[in-house]
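Here the protein sequences line up with chains W and F, keeping their order. Under the numbering used here, read the first sequence as residues 2 to 507, first letter to last. Under the numbering used here, read the second sequence as residues 422 to 591, first letter to last.
Worth flagging that the hints you see were computed from the coordinates, not collected in a lab. Honestly, I wouldn't trust all of these hints.
[Claimed, not checked] Across the chosen pairs, the derived CB separations fall in these ranges:
#1 F/557 - W/187: 52 to 62 Å
#2 F/509 - W/25: 39 to 49 Å
#3 W/187 - F/564: 40 to 50 Å
#4 F/451 - W/17: 51 to 61 Å
#5 F/509 - W/258: 24 to 34 Å
#6 F/587 - W/295: 57 to 67 Å
#7 F/577 - W/25: 17 to 27 Å
Each residue gets a CB set at the ideal place from its N, CA and C atoms; glycine is no exception.
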Amino acid sequence: MDFSLGLFAEQFARTFTYWYVIVPSILLGLIVGAIPGFSAANTIIILLPLTLALDPETGMVFMVALYASSRLGAGIPAILVNIPGTAGAAATPLDGYPMTKQGRGQQALTISFVCSTLGGLLTTIIALLAMPWLSVVAYKLHSVEMIVVMIFGISLIASIAARDTLKGLIAGFFGLMIGFIGADVVYETPRGTFGFLELYDRVPLIPALVGLFAISEAFIVIEGESILTKQGLEAMKKATAGWKETFEGVHLALSRWWHIVWTSIIGLVVGIIPGAGAAIAAFVAYQQSRIFSKTPEKYGTGHIEGLIAPESANNGVTSGTLIPLLVIGVPGGATAAIMAVVLQYHGVTVGPDLFLTQPNLAYGPFTTMAVTYGMMLLIILPMARYMSRITIVPTTFMAPIVISFTLVGSFVPREYIFDMYLALVFGVIGYVARKTGYHVAAILIGVILGPLLEQYFQRALRIAEGDLMVIFSSTLGNILWVFMVMSLAFPYVMAWWRRRQKESPG
Amino acid sequence: MDEQAGREKREPRGIAGELIIPVAALALTVYYFITIIDVPWTAQVSAFFVGTILILLLLIFFIRTALSLGRGEVSLRIGEIVEPVLFVPRRIVLIVLTIGYVLFIQWAGFTITTFAFLLLAMLLLNEGRNKRLIFILSAVFAIGGWLLFIVAFETRFPAGPFEQLMKGLF
Chain W
2 MDFSLGLFAE QFARTFTYWY VIVPSILLGL IVGAIPGFSA ANTIIILLPL TLALDPETGM
62 VFMVALYASS RLGAGIPAIL VNIPGTAGAA ATPLDGYPMT KQGRGQQALT ISFVCSTLGG
122 LLTTIIALLA MPWLSVVAYK LHSVEMIVVM IFGISLIASI AARDTLKGLI AGFFGLMIGF
182 IGADVVYETP RGTFGFLELY DRVPLIPALV GLFAISEAFI VIEGESILTK QGLEAMKKAT
242 AGWKETFEGV HLALSRWWHI VWTSIIGLVV GIIPGAGAAI AAFVAYQQSR IFSKTPEKYG
302 TGHIEGLIAP ESANNGVTSG TLIPLLVIGV PGGATAAIMA VVLQYHGVTV GPDLFLTQPN
362 LAYGPFTTMA VTYGMMLLII LPMARYMSRI TIVPTTFMAP IVISFTLVGS FVPREYIFDM
422 YLALVFGVIG YVARKTGYHV AAILIGVILG PLLEQYFQRA LRIAEGDLMV IFSSTLGNIL
482 WVFMVMSLAF PYVMAWWRRR QKESPG
Chain F
422 MDEQAGREKR EPRGIAGELI IPVAALALTV YYFITIIDVP WTAQVSAFFV GTILILLLLI
482 FFIRTALSLG RGEVSLRIGE IVEPVLFVPR RIVLIVLTIG YVLFIQWAGF TITTFAFLLL
542 AMLLLNEGRN KRLIFILSAV FAIGGWLLFI VAFETRFPAG PFEQLMKGLF
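Excised from the complex, chain F in its bound form:
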């Protein structure tokens, strides 16, 4: 048991996740440089200044990481990004629901889409418990949001059948 705990203790920290932001930063900088090659110098200079500093910083970071890898202090395991693994499926479904929310809101409007999203997302996160409370909460927030933002503040939220119907009625 102790031996196993010791092994776990000695296991190097996974740092693959830590490389995502630097790699994204490098990709953006290189892409940005490509898009400004043919533009006048005034449109290039600040990006070249900041981009060069960023590349230098990234270089230092990559060298530091390589040295740590060489010393065996870290490994290329994904690590903290997906931890705790237990929540991965839940998180994936929530992401799909969120993308669906953005996708449907332009057709179904704020009130209906918000109600559907809240209902499904809360049911998912509560693993099907408290159905009645979730239904009431979803309705209250969707209609409350419509009343506060669209009716009272006249904010231009995405409009759909519900908003159009209410506008026609009142």
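Extracted from the complex, chain W is given alone in its bound form:
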């Protein structure tokens, strides 16, 4: 897997010649990313006849550009209307949406675009340089470590998302139980399916996403004239769609460059872990950002660092997920899995040999990603000032549009009307959760992680012949357990420490 500077330069030059594929893919990716239910994976599947007709290199450029841009696109509705385009953007509204409500939507979008593109660009370059070493991380994580990573993820979300950690934990574990619904992988025994055949294949994620975020939000926003607060609405009405807010956003993001760097690296590392994905990366980055912040109490109120962390991290994931695919042949996520299928269709075997036999295909995805992120910044920044105007659309018009289009979006992946009803059920759960202080993101992450947790649990227990103590059998796993306990205890310890400091005389 040796590479030289010359090979890099040649690869970048070669990638630029595909601009005619990259630019339309960026525009398409931004649109599909912004529509819940139309992820990059779905779009590549829908456009499979086109992808398969292209030669493998052009097809790969198309898929990678679409993947990277859809990741960025998913943050747009998350910031503007509190509806993440994909699960990976589930942590973005925590601070992005409050910024919008304060009338700082344009600024929030610009910050998101800058840190997404810079985070994505930086991690792509790191991935390109450090690919052989980064892949080792994936080798080190076996079933036991993955169990800890997932429970760690849930506990992080619990302490991030909810002001009340107990409620956050209940929401996360409730989500996990929902995620367990479905037939057992080994014996195909239906469990907790309420007699519905449609649930044998587990709870589909898109209806859960649509219900918990879009439907529940739509039923709440109708309480106001607009999604903005009164002051926010006034500010937005007075503001002209100028460049000032965009430049301010760029400045605010760049002045926190170090934050972009380390949170995007979290995304890269999490992305390498197969199955972990952008959602976990975004929440882990958000939590770490809050833990190390001097003003943790501002998180969740429209804090800039709270927006930078998830957006940098979920774009850092994009290059991370390609590493196990290209280095060991294990896709890191759904989109990477589809890419593997397309490459296999063309007779390309992914794995270490690819770097020797077809370096253009092996390094190409990373150079394409870097070029895509570069081009994307130039394309999307001017759009921020117009996009933010959507927030002044009265909720009386917006809510029905959101309900109808997202509901029908939940129909698309499996083409079951049942999934639309399921989205409604999740909408009710989401509504109750929002109104009573249980964070919907914690429930969603539980639903996402449930099947994965079960899979790793079964594998670990089978190897250990049923000994439950196997979850404490790995050194790396035990270190992660300690980190988890520390992570849960840290906010309480800090609060106690601050209280003590205040109380102490002098």
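Add chain F to chain W, keeping to what the hints say.
Relative to chain W, chain F alone:
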């Protein structure tokens, strides 16, 4: 006046709504456990592990709530779920329309159902104002959605008479 404000201030927070998610979580866990009693252990173990932790968390939550109730800090009023009460009728009608949307879309197809839903829901939320604008918006979004998703992206949305007719014509 001040006395009344003081009374309102002292009124304990209604927490009945906060109990819905824990009760639903408990019901799901118990139901799930019942469905896995006779299945092989590999299909049980992760649910028992996570379910037990969840039940412990719920137990802590219920004890905490009971203690708060005992201290008079909270009451079993429904509270925030239905607030602001002014919007309850509007919300109920919107829920009925949404259920109707899902119910009819399989027969009438995406375009017609979306048009009807948008028209009715927007008229309801705007209390009958801006009829012309609402009609135009509903038509634009329904037909625009059909053009973008069904015609351009060839997405398989629920098809009805309109989609069939257009497919036959073009």
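Looking at the structure, which of the earlier hints fail to hold?
5
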